Amino acid sequence: MFKAFKNLPPKTRAGVGVAILAWGGVGLYLSDRAEEEYPATEEDKAKLSQYTPKIIVVDSDKTQGR
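Numbering-wise, numbering that gives the first Met the number 0 puts 41 at position 42 of the sequence shown, and it's gapless, one number per residue.
Hint data in this document are derived by calculation from the structure and do not stem from the laboratory.
In this text the structure is predicted, and so the values were computed from the model without any measurement.
Don't be surprised by glycine CBs; every beta carbon is placed ideally from N, CA and C.
One should not assume that every hint holds.
[Stated by the list, open to error] For each label pair, taking beta carbons as the anchor points, the in silico distance ranges come out as: (1) L27 with K2: 25 to 31 angstroms; (2) K53 with L29: 41 to 47 angstroms; (3) A45 with R12: 45 to 51 angstroms; (4) A18 with V57: 49 to 55 angstroms; (5) L20 with K53: 36 to 42 angstroms.
Could you build the full structure based on these sequences and the hints that come with them?
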């Protein structure tokens, strides 16, 4: 696929690159708008917190020589 892209004329490659950047920008904009329009419910937040990694701090005991 990359080889086919490299075989395109420079102006076409630039156009494809700009189109990909525009697609990403529109996606970021629309995802922010969707997040504002449809906020997460407490049930969704609870499900998500189940999968969030937790950090547990373990104090080392220096008297055991470790």
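The hints, checked one at a time:
One distance hint, 25 to 31 angstroms for the beta-carbon pair L27 and K2, holds here, with the actual separation near 30 angstroms. In this structure, K53 and L29 break the distance hint of 41 to 47 angstroms, their C-beta atoms being roughly 32 angstroms apart. A C-beta distance of roughly 47 angstroms is found between A45 and R12, which places it inside the suggested range of 45 to 51 angstroms. For the hinted restraint 49 to 55 angstroms between A18 and V57, the CB-CB distance of approximately 50 angstroms keeps it satisfied.
Between L20 and K53 the Cβ separation comes to about 37 angstroms, which falls inside the hinted range of 36 to 42 angstroms.
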